[in-house]
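Chains A and B, in that order, are what the protein sequence lines are.
Per my numbering, the very first residue in the first sequence carries number 26; after that it's consecutive.
Per my numbering, the very first residue in the second sequence carries number -18; after that it's consecutive.
Because the hints were derived from the structure by calculation, they are not lab data.
Ideal Cβ positions, reconstructed from N, Cα and C, are used throughout, including at glycine.
Incorrect hints may have been included.
[To be verified] Partial list, derived from the structure: chain A residues whose beta carbon lies under 7 Å from chain B: (1) Q49; (2) S67; (3) L68; (4) L117; (5) D127; (6) F131; (7) G132; (8) P133; (9) G134.
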Amino acid sequence: SAVISQKPSRDICQRGTSLTIQCQVDSQVTMMFWYRQQPGQSLTLIATANQGSEATYESGFVIDKFPISRPNLTFSTLTVSNMSPEDSSIYLCSVMVAGGRDTQYFGPGTRLTVL
Amino acid sequence: AQSVAQPEDQVNVAEGNPLTVKCTYSVSGNPYLFWYVQYPNRGLQFLLKYITGDNLVKGSYGFEAEFNKSQTSFHLKKPSALVSDSALYFCAVSSTGTAGNMLTFGGGTRLMVKP
Chain A
26 SAVISQKPSR
36 DICQRGTSLT
46 IQCQVDSQVT
56 MMFWYRQQPG
66 QSLTLIATAN
76 QGSEATYESG
86 FVIDKFPISR
96 PNLTFSTLTV
106 SNMSPEDSSI
116 YLCSVMVAGG
126 RDTQYFGPGT
136 RLTVL
Chain B
-18 AQSVAQPEDQ
-8 VNVAEGNPLT
2 VKCTYSVSGN
12 PYLFWYVQYP
22 NRGLQFLLKY
32 ITGDNLVKGS
42 YGFEAEFNKS
52 QTSFHLKKPS
62 ALVSDSALYF
72 CAVSSTGTAG
82 NMLTFGGGTR
92 LMVKP
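Bound-form chain B, shown alone (with noise of 0.2 Å):
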């Protein structure tokens, strides 16, 4: 079985300040992590993935993760965060172990990001 453990409930962080959302992943076979967001009322929005390569992936909105194998993780990071980052992110993943690309998604961190 896979799973995704997001271990904080919310994050708290100033605007213009580095932000990090925790994610960690247990699979069998090689990992494929996904980072969606969801804005209030909105369905959940592509970030980023990692399926193979640098470990380093650079997604939307300025967004980037480090796919780290050893640690089994797959932090979501921003350098500088703006108001308009507030929202409910969401780790996910699946893997070459699994059938019909089945994703398994964390429970969700907060971001609030405050002036």
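One chain only, chain A, in its complex shape (with noise of 0.2 Å):
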């Protein structure tokens, strides 16, 4: 498995303004990805991060929306911008690692509140 962080753990932000979330991983793994949980909701993809190029975004997700960085292969981050309330849910990062057999192992999430 891997250890994985993310940043913050909540945070409560104003209607129109971008917060970037923070996802590092204590080893090098394959994949890398970013899901939205809705209140009350199940799991949803939002997309895939690639290392060194643009992200593979799921249908609904735009990169405008949610700019989605991986400089490395530990590292990545996920922006929500021009936030509104509708976007108040946990965010979380998963990461698939080299010989995982296809396990995604999940971070601990971020809890987005947009007032």
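Join these two chains into a complex; the hints should help.
In structure tokens, the structure reads:
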């Protein structure tokens, strides 16, 4: 497995502002993902963070709203831009390690509240 | 397209009794099946997975799950429930036919274990 940390763990933000969430892994991983969990809901994949290139976004998510960076094999950021109350969610990063047989391991999540 | 159904929003069980949390899936290709648990204000923790081999897989904290191909099910079980097992449980699937190892999650089942 891998040890995954996220910063911040939670935040309360004003409408129209942006927040950048960091995901740090203690070892090099093959793949990194970002998910959203809206209140009382399941997880929805936002995008796959690709090292050194543009992220691959799922239907319903766009780069202008959720820009993602992955400068190396252990770090990624997700920005939630021009926030509205509908963006209030838990945002989780996950990783897949080499030889991990397709298992994704999740970070502790970032709880975002937009007022 | 792949999908996961968890037909029960909540499962109630008395401590010491066996528990079952149900999951059915639909994929093209061979399924990779996973169970995750989410405690309050925490990220997802990996419990167990089925990739190939024995249909009965054992995981963390005494949990096990049985893969049933004919019924397209992967129910989570534990012989004797503990109060500390109370949490939100997610079933997830990817497949050999899925690009990028995309995980699809079920809606989640809240397990309540009462003393």
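How the hints compare with the structure:
no., hint, result
1, Q49, "14 Å, violated"
2, S67, "5 Å, holds"
3, L68, "5 Å, holds"
4, L117, "6 Å, holds"
5, D127, "5 Å, holds"
6, F131, "4 Å, holds"
7, G132, "5 Å, holds"
8, P133, "4 Å, holds"
9, G134, "5 Å, holds"
Of the numbered hints stated above, the single one contradicted by the structure is hint 1.
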